[in-house]
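K.L.:
Next come the chains, spelled out residue by residue.
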Amino acid sequence: MSTQLAATVLELVSRSAPGAEAEVVVRREDLALTRFANSHIHQNVADASVTVRLRLFVDGRTAAGSTTRTDPEGLRGLVDRTLAAARLTPPDPGWPGLAPPAPLASAGTVDAAVVSAGPVERADLVRAFVDAAGGLTTAGFCSTRHMTMTLANSAGQVAQGAGTEVVLDGVARLDGADGVARNSAARLSALDGAVLGARAAAKARAGADPVELPSGRYEVVLEPTAVYDMVQALGIYGFGGRAVNDRHSFARVGQAQLDPSVSLVDDPVGPDAIGLPFDMEGTPKRRLALVSAGVTVAVAHDRRTGAEIGAQSTGHAVLDIDDRSGPQPANLRLCAADQEGEPAVSEVDGPAADSEVARLVAGVDRGVLVTDHWYTRVLDPRTLVMTGLTRNGVWLIESGKIVRPVRNMRFTQSYPEALGPGAVLAIGRQGVRLASKYEVSSTVVPALRLASWNFTGGASG
Amino acid sequence: MTEFDAANAAVEAALAAGARYADARVMHRRHEAMSARNGEVRELVQDEDSGLGVRALVGSGWGFFAVPDVSDPAARVAGARAAEIAAASGRVPGPAADLVPLSAQSGSWANECLVDPLDVPLSVKGDLLVGVTGQAHRQGAGLAEASYQIWDTRKWFTSSEGHRIDQHIRECGGGMSAIAIGEGETQRRSYPSYHGQFGTGGWELVDRMDLPAHAIRIAEEAQALLRAPQCPAGETTLILGDEQMALQIHESVGHAIELDRILGWEAAYAGTSWLDLARLGNLTYGSELMNIVIDPRIPGALGSFGFDDEGSPAAARYAVREGQWVGVLAGRDSAAVAGLDYAGSVRADGWARLPMVRMTNVGLEPGPHSLEEMIEATGDGIFMEYNRSISIDDRRLNFQFGCEVGYEVRNGKLGRMVRNPTYTGIGPQFWQSMDMLASTVVPWGLSNCGKGQPFQVGHTGHPAAAARFTGVRVGVRG
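Chains as they are written, first to last, in the numbering used here: chain A, 1 to 461; chain B, 1 to 478.
Everything labelled a hint here was simulated from the structure, so no lab data went into it.
Virtual Cβ for every residue (Gly too), placed ideally from N, Cα, C.
Be aware that one or more of the hints could be misleading.
Said to hold, decoys possible - These stretches of chain A come out as covered by chain B in the derived footprint (C-beta under 8 Å, 3 or more residues):
hint : region
1    : 49–58
2    : 101–111
3    : 120–130
4    : 260–272
5    : 387–396
6    : 409–420
Modelling step: build the complete structure from the supplied sequences, incorporating the hints.
P.N.:
Put into structure tokens, the structure is as follows:
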């Protein structure tokens with residue numbers, strides 16, 4: 001059906017504007033999300049959507065449009081509207097051409113259990129989280145998503161892919177202290193509501209009566225939920241081709257910019273990947289090493305940013321209305337430390353998320369354990385100085401032990417500097433898969449122990 | 001079959017499936033956006049989406065389902081699915097849900113639109129963006145960008161209580177920025193702001209900005225910032241321009257007075273609020289100069305409408321009066337939980353999303369001063385304007401903002417330009433330190449307010465005026 005829709009639109013374009021370059025994307029999505037707060041379900045939604053997107057290059061000019069109307073009149077309107085727009089816009093001398101035919105590395109990961117999950121299955125996962133919190137107030141969400149996408153263009157590329165995603169993300173709350181636990185997967189069976197609920201509750205219980213720490217630089221252990229924020233910022237502001245081409249990224253290919261223990265890849269087609277196997281231009285996605293042993297080795301390109309520097313697309317085109325951010329690596333994996341011969345990661349008592357976080361904490365003489373980051377914003381993209389706050393649990397570490405909870409703090413910190421040569425003291429042995437808040441993709445991150453983090457304000461200012 | 005028929009069919013089906021209340025919205029939205037950089041158009045997108053969303057209340061559980069097909073059969077299936085989802089909510093039940101009373105509303109509303117923005121030729125729009133970004137780029141901006149956006153939304157709402165409302169809302173706006181790229185950092189100046197300026201209205205809103213008159217100036221200012229000294233660090237008197245004040249209101253007042261946050265409904269994501277409902281009417285938020293009004297009726301402001309997305313007619317209400325906290329942004333269900341008798345601030349980002357508590361127009365009433373008077377009355381301070389960064393904690397208390405540009409104020413006069421100006425504070429302490437407020441109010445519009453899961457983008461308006469604050473920590477750096 002989607003292939004037929006795409007073919008119909010291409011045919012309409014061909015008839016109206018022979019010779020036009022055209023690209024059609026048909027996206028179908030079933031998204032359902034069950035939210036809970038004050039330990040009960042308070043918002044429970046689902047929608048089924050179909051969107052047809054057309055991008056055209058005709059007579060040296062480009063335009064794009066989309067519609068949710070898939071009847072003949074709706075498709076005809078899309079084609080007429082977009083053609084008319086393309087004829088009236090100023091020329092686009094940087095048009096990079098359409099993606100050529102190319103095979104995909106995979107068809108995506110689809111779990112039948114996610115596809116068939118209904119509100120009862122989501123409610124049961126929520127129930128398990130709430131029950132495991134042992135009477136603490138809980139809040140969060142459980143979502144299931146099934147997406148299929150077909151792309152066809154007039155250069156002959158036809159790509160089809162599908163993906164599923166399930167997310168469980170929640171907090172437990174006790175006397176003003178919050179603890180969080182979250183996970184995501186392509187398969188429903190990978191999530192355990194009881195484990196996550198118990199972990200969130202343990203953090204909240206250990207967060208009572210926090211003290212305020214003076215501002216300053218501290219050694220830190222960042223749990224995966226906080227590392228996620230760092231890696232996302234690196235991807236958005238650092239390793240995108242638009243930011244690099246425009247010279248407002250810190251990334252310099254070939255330079256040793258991060259600690260030798262740091263390797264970062266974009267891995268959209270691994271066995272457990274969440275998302276689709278091709279980008280929004282139809283270029284097949286592939287594993288792309290961005291940082292290897294601390295050396296920046298590549299950045300992500302779409303066809304336009306690649307063409308600007310004489311490089312190929314790396315399969316990272318995204319939908320981007322204002323063209324400010326451009327291509328971005330959306331499936332980042334910060335490589336975990338080698339765990340060969342080591343015991344499996346397990347749940348632990350107390351506020352640490354798991355045994356790997358506890359292992360990193362044990363190495364700290366005096367420092368801070370941070371569960372989560374919140375509302376981080378870039379102050380300067382070139383140096384990637386970010387400001388934000390801690391959230392969902394912070395503790396003081398002394399002599400390798402978690403000694404007391406700490407009130408949330410504001411930080412103002414360059415992320416590349418925090419990961420710079422000599423600054424990474426240890427990396428966890430297991431990555432945790434965390435879903436994007438905005439798109440169907442995921443980031444895999446381990447815990448980190450960093451030598452210095454610049455806290456610039458306490459809860460009182 | 002009309003849009004009202006489709007909405008009614010969905011409501012009927014939800015009731016037949018066991019709902020004790022249901023409402024439905026059919027929406028049709030057209031969106032157009034164009035961007036240019038360094039004298040070339042980079043993107044033109046024209047989107048059109050239509051669909052129906054239906055909300056059902058079964059017992060104490062809510063359910064919502066949305067489909068792009070607005071035929072009678074599809075609408076009825078959607079209504080039944082919403083009731084089915086609502087019933088499943090009862091597997092993790094809460095206290096009984098209720099709605100504050102609202103008489104059946106019937107009406108039509110449309111905002112004023114002098115020049116339909118979708119009728120303005122694309123060549124005219126493209127020439128504008130190409131022209132200003134080319135000017136700024138030639139003037140030395142390494143990266144000059146400009147964009148506009150247009151939304152044309154029609155919606156039809158019905159409910160099991162007898163509502164029947166249709167609205168036609170046209171919004172547009174845009175802006176431009178110039179980025180100077182130095183060896184170690186970048187500096188940006190924008191006009192009228194980096195977020196742009198948006199409102200309910202037609203292309204006249206963009207014409208009024210007169211982008212070409214400012215392209216060269218912002219390019220020069222961005223380059224001057226690269227050479228300017230760093231903003232000094234310390235505690236000082238701070239004067240903020242009206243655009244930055246709009247962000248300050250949005251983040252440290254608007255979100256804090258959202259009743260769903262106060263009730264804990266957003267605890268896991270957007271966060272809660274430092275405000276305790278027990279103190280409503282008995283809490284000092286700011287100085288006596290602080291009067292914040294919730295008013296969705298302001299002509300031309302981005303958060304304006306005739307009725308919210310559960311049928312409550314637009315009405316004005318104080319949120320803060322002479323510094324005292326007196327009101328919240330509420331929906332019918334959250335108001336019932338809180339024991340309040342008003343709602344009116346519930347909106348959804350399109351047909352496929354659940355209506356939720358959102359800001360409308362939340363802004364300051366004018367004060368007695370002028371910006372010039374504030375500067376003249378300041379012996380030692382910093383004047384900052386044009387937002388560059390925002391960060392605030394999940395209780396909307398501890399904030400840090402960065403602005404594009406700052407100026408030293410010495411002995412009642414503006415002094416040197418300073419770069420990377422930032423300031424930080426705690427909401428009520430900051431607002432209580434406001435000792436001067438300008439009489440000129442500008443209704444700034446923000447088109448990118450994020451909230452909710454699934455994520456929704458809201459359009460909000462913020463009447464704002466320049467203001468002066470004392471004892472503020474500035475110059476925080478990494």
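K.L.:
Checking against the hints above, which ones are violated?
P.N.:
2 and 4
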